[in-house]
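2 protein chains.
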Amino acid sequence: MAKFMDVHSGFVGVTANQLKEAHERDAAIEAEEGAHFERAWLDPESGKVFCLSTGPSKEAIMRIHERAGHPTAEVYEVSVEVA
Amino acid sequence: MAKFMDVHSGFVGVTANQLKEAHERDAAIEAEEGAHFERAWLDPESGKVFCLSTGPSKEAIMRIHERAGHPTAEVYEVSVEVA
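First to last, the protein sequences are chains W and V. For the first sequence, counting from 1, position 28 maps to 28 in the working numbering; every step adds exactly one. For the second sequence, counting from 1, position 75 maps to 75 in the working numbering; every step adds exactly one.
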């Protein structure tokens, strides 16, 4: 399993409820790809969303987001983390 | 206090130790700005780093990163979060 950060653009003005709904659409199908979406952060001014997930591959993450209706090509495998 | 995600580019091939050192340079001065860097994730292949922080303003986060030697203009205030 690897960890991924993906970036979405164009979510200007999106509300907390709308982000929650989008996240739930990912969560509803994530098991089919062996992935898990941990957290998502939204800047409604710039429209940027950042999603942190685990999964078997970048392509698995992209497929889930595409099927959930919010595709992105910007998926990064973040193999190093500090806290 | 607000929450921020910032993005750095150009960290291709950076190691876990180097990321830790960079993060510690932020941590060493963050209190001067009333900020806190929570976590950082690196994709050493693309060279992207994502930093999650809290602080009083985007400018405070930018000043810390600049003084620590890794400036970025890409700082997003992520006022909405789901988990």
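The hints are simulated quantities; they were obtained by calculation from the structure and are not laboratory data. Just to be clear, a hint being listed does not mean it is correct.
Stretches of chain V that chain W covers, calculated by requiring three or more beta carbons in the stretch to come under 8 Å of a beta carbon on chain W [stated by the list, open to error]:
no., region
1, 33-45
2, 61-69
Negatives, chain W to chain V, calculated, CB over 12 Å [to be verified]:
no., residue
3, A22
4, G34
5, R39
6, M62
7, P71
Below, computed lysine to any residue pairings styled on SDA-like, alpha-carbon distance capped at 20 Å [unchecked claim]:
no., chain 1, residue 1, chain 2, residue 2
8, W, K3, V, S79
9, W, K3, V, V82
10, V, K3, W, S46
11, W, K58, V, N17
12, W, K3, V, E81
13, V, K3, W, V14
14, W, K3, V, S46
15, V, K58, V, E45
16, W, K20, V, K3
17, V, K20, W, V82
18, W, K3, V, P44
19, W, K3, V, E45
20, W, K3, V, A31
21, V, K3, W, A83
22, V, K58, W, P44
23, W, K3, V, N17
24, W, K3, W, P44
25, W, K58, V, K3
26, V, K3, W, P44
27, V, K3, W, S79
28, W, K58, V, P71
29, W, K58, V, A31
30, V, K20, W, E77
31, V, K20, W, A73
32, W, K58, W, E45
33, V, K3, W, G13
34, V, K20, W, S79
35, W, K3, V, K58
36, W, K3, V, V14
37, V, K3, W, E38
38, W, K20, V, G47
39, V, K3, V, E45
40, V, K3, W, L19
We put the beta carbon where it would ideally sit given N, CA and C, even for glycine.
* To do: Run the structure past the numbered hints and jot down the numbers of the failing ones, going up.
  => Those not satisfied are hints 2, 3, 5, 8, 11, 15, 20, 24, 25, 27, 28, 29, 31, 32, 35, 38, 39.
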